[in-house]
Amino acid sequence: MSWKTVIGLEVHSELNTNTKCFCGCKNEFGDKPNTNCCPVCTAMPGALPVLNRDAVERAILMGLAVGCKINNYSVFERKNYFYPDLSKAYQISQLEYPLCLGGGLEIEVDGVKKFIRLDRIHLEEDAGKLIHTPHGTLVDYNRGGVPLIEIVSKPDMNSAEEAVAYLEKLRSTLLYVGVSDCKMQEGSIRFDVNISVNREGEPLGTRTELKNLNSFKAVMRAIKYESTRQIEELEAGRPIIQETRRWDDEKGKTYAMRSKEDSQDYRYFPDPDLIPLNVTNEYIDSIRAKLPKLAPQRKKEYMEMGLTEQDATLITNEREYADFFEKVLSYFNEPKFVCNWITAEVFKKLNALEEDDRKINLNPESLAQMLKLYKDGEINQAGARKIFDILWENGDADPNELVEKLGLKQMNDTGALRAVLEKIVNDNPKAVAELKGGNEKTMAFFVGQAMKATQGKANPKLVNEIVRELIK
Amino acid sequence: MKYIDYSLSEILDLLNSKKVTAVELVNSCFEQIEATADLNALNSTYKEMALARAKEIDEARTRGEKVGALAGVPIVLKDNINFLGTKTSCASKFLENFVSPYTATCAKKLYDAGAIIIGKANMDEFAMGSSNENSAFGAVKNPVDNTCVPGGSSGGSACSVAAKQCFAALGTDTGGSIREPSSFCGVVGIKPTYGRVSRYGVVAFASSLDQVGPLTRTVRDNATMLNIISGKDEADMTTSNTAVPDFTANLDKGVKGIKIGVAKQFFTDQLSSEVSTTLKNAIEWYRQAGAEIVEVDLPSLDTALAVYYVISSAEAASNLARFDGVKYGRRAPVYKDVVDLYFKSRTQGFGAEVKRRIMLGNYVLSSGYYDAFYRKAKRVQKVIRNEFNKAFESCDVLISPTTATTAFKLGEKSNDCVAMYLTDIFTVPINIAGVPALSMPCGKDSKGLPIGMQIIAKHFNEATIYQVANAFETAHKEEK
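Just so you know, the sequences run in chain order A and B. According to this note's numbering, numbering within the first sequence proceeds without interruption in unit steps and concludes at 755. According to this note's numbering, numbering within the second sequence proceeds without interruption in unit steps and concludes at 1318.
Take the hints with a grain of salt, since some may be wrong.
As the list claims (entries may be wrong) - Just some of the chain A residues that point at chain B, by a computed CB distance under 10 Å:
#1 321
#2 322
#3 332
#4 333
#5 469
Just so you know, these hints were derived from the structure itself, not from any lab. This one's a predicted model, so the numbers in the text were calculated from it and none came from an experiment. Glycine included, every Cβ here is placed at the ideal spot set by N, Cα and C.
Here chain B stands alone, though its shape is the one from the complex (with noise of 0.2 Å):
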């Protein structure tokens, strides 16, 4: 077995006993990185600022001094989480040359936890996109079937956890980015609850619905990872002063009298039969180790993805309107006066689908459409946050299919942004709610695709998803 092949919490443990050393591990990854470069995982990679900070760890760990709670994990950050010196591109052609200022507090917890960040994963630009082919430096592959998507738009971040590059990576999830990529590519991933994790450094697409969350090769490692990166922050005000449990100790309790929501509009008729099959096989399963499996009611569950494109444009036009060439980034190199600067740099540096985000956005929030649109979205928003609190009135976690289908191919929805959109159908309502959801491996098609499952729970309680998740995985362990 070679050291990539460990889970981060085995890895930490041999990194503890000193059976491996960070050099060591860090090396194993930029291996593995050159080996697997064809998936186009990553934007920029930090090998020699990674093996110095390796090493720094390596001679405390030897010296016996005390190391952080990740001291020595080589990890990668999704490319639009700043880390000072570094690039931070967004997958953007406007952003291409810009190096970080500062540092996002969610990097600076890890790194101040000893992790040790060896590159930037490739994105959808700006976060915008279920398949990571909307990225100015080419589609990311899926490392299951080279000739599929990995999903997005944190695929860099998914791809590369699955690929063994790293142990584990950070995302973020605005509409379904952590997870459905974490469905496609078969790992774990969680969008925690909304204002769990700081969004301070994290380069904005939609700032009421954007959450920062780990990827990783298993529930445990997620749960370590989200350890370290949450909690209030005073540079975010929108992080919550709620209590950060050790999202680990519940792991190993089971499932027996938990009670487990199913809610029928999850199961339409999109879902394919393979992906319906399974998920119900999985439910089965919890019923079988002793959870209570009930039937509740999301009646407004449709019109999320609606809510979802007006509220996510409004604001997403709004944060992308400092991309004007006149600070940084991207500047015309041709232009008449300022009007045609900002009209130049920004035809320029945006891909199609920001534009069409960005001209979606201004169009909600004008003058006299504002009513029809932003504010009944907000309206409609409260609506579905209301149906989920109640059906959390009568179960712990709720159980869906991460995604209609299995991943797609490469080009197959490129030309459909409507296609391309239904994609996120199951998870934009979680993001639109603001409770937290981890999408995990829960079996594979007949070509062997993964089919990912999501667990749900009211607002911050991660802690039973992880242990709702982590007794199936420890119960498949070998299947995987």
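In isolation and in its complexed conformation, chain A is listed as follows (with noise of 0.2 Å):
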């Protein structure tokens, strides 16, 4: 019988709030270390934690996006642990009453689609930060109560593709809401994956813990070996210990951290210092009300303007593909024609660029004028990419000024054309005969000698149709 994989994923996402989740000091990514501090996140002696309200809401708008229940109570439980990066030696999360309950995604790979339930989202803060020197460790709270949320899904995913489908759809899902910025690079987005494996029609295996996965990339290699290694390890008659273990990257292993046996036990216990969270009926529906288009509805809409279903897929991947799209319609009202732009020409700057760094830098309106121009037959596609580079490098370029500068204005003088076309027809009896014996290939070549003596301006359509009627 066949093996089978089966794969659980928890998600760690650091919302974007403006102060941390129990005090008031500011939730910003690399500034120097330890300013962004107070008796509270320093765990001082008395110091005491504020639940930050907005925190609560944008947990709560990532799991209405997602279709969770928001339960109307809930409560913060403290997670003890001694770890340095830990001010208080505990935790402050969610463990029995959490703050979403259930809902799910749908992803697709290879064309099939499949829903992924949700476990629950809860509420929680991150720890400090370890830096280690040549002369000793040394710790940076600065990190140290960001509001954090933790998505952990239900076990079932079967692939590592699966897997990253998942991670990428939830990704997207959490940029849309606009609840966290998602940079792998920084750690505001963090996975752990939950694996083990059976035989078909068996229960369930042991699982293992997979941590320090620090890229889409990552997971997918490590699910890929963790997976090969358990079936591995059971058809040679050893047994899967339940452990958590640490994907290295470079050697592309995994590495067992700690078993079950010496693994912590936390002590949860409700914090006295924070009461029960409630949430009425009618909040929840006020943070409803704030919820963003989210990819389907947007897929929807962009379709009824006449985007293919696949294309209306592509660029409502992203937020920030479909708010361009929108930006750029904005200026320029013609989906097709700025879709297939930016799915072919913007989706090829993006993909050259690390992960984390995939940030479209145009101004949507300059990009409206480029192709604006390109559509009018002013500029041919040759000087459309070339201003498109330039308004990449630089967003204050002017697309009117390029085409003047560069000298791109396409030759649309139908006479002045004639007379280069009327020499190459002369100068090109065999090519005019193949034309004409119907090898349509051959305009190709009138194009590229008409383009070689205009200096690439010629317009190719007045070329094709000038070509013709000399030969007629």
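Taking the hints as your guide, dock the two standalone chains into a single complex.
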């Protein structure tokens, strides 16, 4: 019987609130160590946490976006463990009564759609960061107390591809909802993978938990490695040990970190400093009203504008693309034309960047101007690309000026073009004969020659028309 | 009569009528502190800071400016209350040199009202104890009989007030830590309703039970102090929005028509006959003064102590985990790695009682025991709370002894922690129920040691407690 891999994911995502979850300190990545700190987040004796309502609102927004039930009653608990980056020696989290329950996301892998169920989303605080130096280990508490949501899936995924598709969809949703910036390199989104294997039809196997996965690629590789490892162990008659394993990205392997036996007892109990969180249905509804338009709805709207399903999917994959698309349309309302340029040319630029740096660096108005020039035949494709390259590097560049400056204006003067083409037709009787004989590919030769003679300014459409006229 | 012999209320009158200056008061308090230094009531004093503040206040008063309700009154804070720039040691070696980087809300309110903070009071380490013998800086002595304990954990606060080193002190009460020492030292101390006074800046022992309250020489002084420190604090989510009345408003209304509840569960065999007789006499006085005495039932009262040691220890274990040697406080001089750093710093920094509670607390929270201990204790807490609420349907206040006996000898119970824990049987249920309770002197035993009477009311009804307490105090002024 064949092996089945079962995967569940825990995703931690930092919320982009202005201040921390339980004090008024700035929530800001990259500031000087220990500058965004106060008695509360450094656990001075006697300091008390005060819940940031904004963090609650953002967690609820995300819960609503993925169809969770928002609990009217939820409780913050203390997760007790010692670690130098955890100032209070406990993390404020939720266990028995989380803020959001259920919900899920639809993913698509190789054309097959699948619904991945969520177990819960709860609100908690982040820990600080250790900085290892030659003189010892230092602690930076700037991140300590930053609000996090933990999104826990059901074990509904059965391949690395499904797991990554789920993560991509989740990340996209977080960005759509606008509650997290999801930067993997800054650690604002982090993943833990629970994985087990079992033979088809048999009960679930013992699972291991994978840590230190810093990119989608690492998740993909780690799952593939780990499921293979587990299958090999079982086939060799060795049982799987329930343990936490660390992914080593360089070696491409997972290593045992700690087993269940020496796992910690977190001694959770309700935090007596924080009263239970009561959210009314009215409050939940008021948050629901703030929910931005999400991918499925936008996709539908774009298809009504005339986009194909495939294009509509591509352009709504990330909120940034869809927002940008809509902004360009507000200046130049040609959905198909604009979409084609974004999915071809803009995506090509983005794909050349690191995952975290994929940001559209374009002024939508400038792009709209350029596309209009192109559509109107003022410039040709080569010219459009040239201008696009410049716009990508320099947001202030003006497409109309660039057309002048670079002399990209197409030669639309029929008389002048006819003169050029008459010479080309006369000089190339063999090609004329071929075209006349029905070899349409020969037209490309004439266009090429015309471009050469006009330094790339000839309007190819006109060239086509005139050549056909001349050889009649 | 010396300045220090006046009550806080009397001294305020003298200050406001400019018959005495704050500087004079600070100086006379410090004379008394020196004269009674052997009591070991204070862990640190701030004479220079106090005199500077006193001078400011005197000058403001001379200029005719509006001054705060406590302007010029020297007070003492328990050593677990942060006040910027002062040491907050919690009477622990762990925080021996810890200087507060910020100020607790209750201390800020007192400061803003013009009170002058002259020192920080000795206590049982991290407020864990009933005799003040668990201090890393030595036991406090009872000012009435210096061979006796002053009670704990706010023993330094009670002693300082009783010894007239200050006009009032703040203490904290998790299971009786204000009321028991008040009873032993013969002063007035209140544990307000949970949520009445902000805990922000007060080093936590058991967060769901801790409450700050004043210790004073008279009931009126106490009400005056509570007026200042009460109220909602945005920095403490467990403070209540309930309106804060003027606690001095009803002081002279008498007890005619007041229903006083007496529960037999408070009058057990453990009670010494002298305490029992004195309390019964006090209740009889109330009856004659026009109060109605009703019998009430608190059938689960005897479970409170067990509930208390489960809940308070669980919270303490977690609250004290931040003392890890990483950020501040004691760090072991030699250690192998970070786990060794925790282990050694905490082993060296904490005293025996604190360690006992941490171990107990971690045990009751640990996997497999949580339901049997912590969850069950929380359930029983609800039962006790409901019994108190029910009792208050038929009475305005409950009266009980604060402690079963008067102050015991230094060293008498220090090797028997269960005997020590039993000292708190009448005070602990109050914290479990979250209701307010005050202890005041109601007589003396044959050795001349004060006997404490506990007056309990329903949630946020401190005003009635003060009314009932003041009636007794006023009638018995001569005997004092």
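Verification of the supplied hints:
1. 321: 8 Å, holds
2. 322: 5 Å, holds
3. 332: 8 Å, holds
4. 333: 6 Å, holds
5. 469: Violated. Min distance 24 Å.
Of the numbered hints stated above, the single one contradicted by the structure is hint 5.
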